[in-house]
Amino acid sequence: MILVLLGLLILAVAAVVAVAGIFANAGGAHELTNSFSVFGHQVGYRQEGRPQGRRAQ
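Under this note's numbering, the first residue of the sequence shown carries the number 1, and numbering increases by one thereafter.
By construction, these hints were calculated from the structure, which means they are not laboratory data.
Keep in mind that this is a model prediction, so the values were computed, not measured.
One should not assume that every hint holds.
As the list claims (entries may be wrong) - Label-pair restraints from in silico Cβ distances:
no. : residue 1 : residue 2 : range
1   : 38        : 14        : 22 to 30 Å
2   : 2         : 34        : 42 to 50 Å
3   : 20        : 43        : 22 to 30 Å
4   : 1         : 24        : 45 to 53 Å
5   : 4         : 37        : 38 to 46 Å
6   : 2         : 35        : 33 to 41 Å
7   : 34        : 13        : 42 to 50 Å
8   : 6         : 36        : 32 to 40 Å
Heads up, the beta-carbon is just placed ideally off N, CA and C, and yes, glycines get one too.
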């Protein structure tokens, strides 16, 4: 029973930290301005708003 309560407490603390992180990451200072690659695939957008990188096949 104590381990269940401890697990729920840890889960609640993690949820609070996640929500605080989401709200702290708002604003123009945190915008993605450049594209980057993940496993060889381009991620991000150009100025025109179109996806950049490989075409869908």
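Here is what the structure says about each hint:
Roughly 25 Å separates the CB atoms of residue 38 and residue 14, a value that falls within the hinted 22 to 30 Å. Checked against the given bound of 42 to 50 Å, the beta carbons of residue 2 and residue 34, roughly 49 Å apart, stay inside it. Roughly 26 Å separates the CB atoms of residue 20 and residue 43, a value that falls within the hinted 22 to 30 Å. Hint check: residue 1 to residue 24, Cβ distance near 35 Å, so the stated range 45 to 53 Å is violated.
The hinted window of 38 to 46 Å between residue 4 and residue 37 holds, with their beta carbons roughly 43 Å apart. Between residue 2 and residue 35 the beta carbon distance is about 49 Å. The supplied range of 33 to 41 Å is therefore violated. Separated by about 34 Å at the C-beta atoms, residue 34 and residue 13 break the suggested range of 42 to 50 Å. Checked against the hint of 32 to 40 Å, the pair residue 6 and residue 36 passes, with Cβ atoms roughly 39 Å apart.
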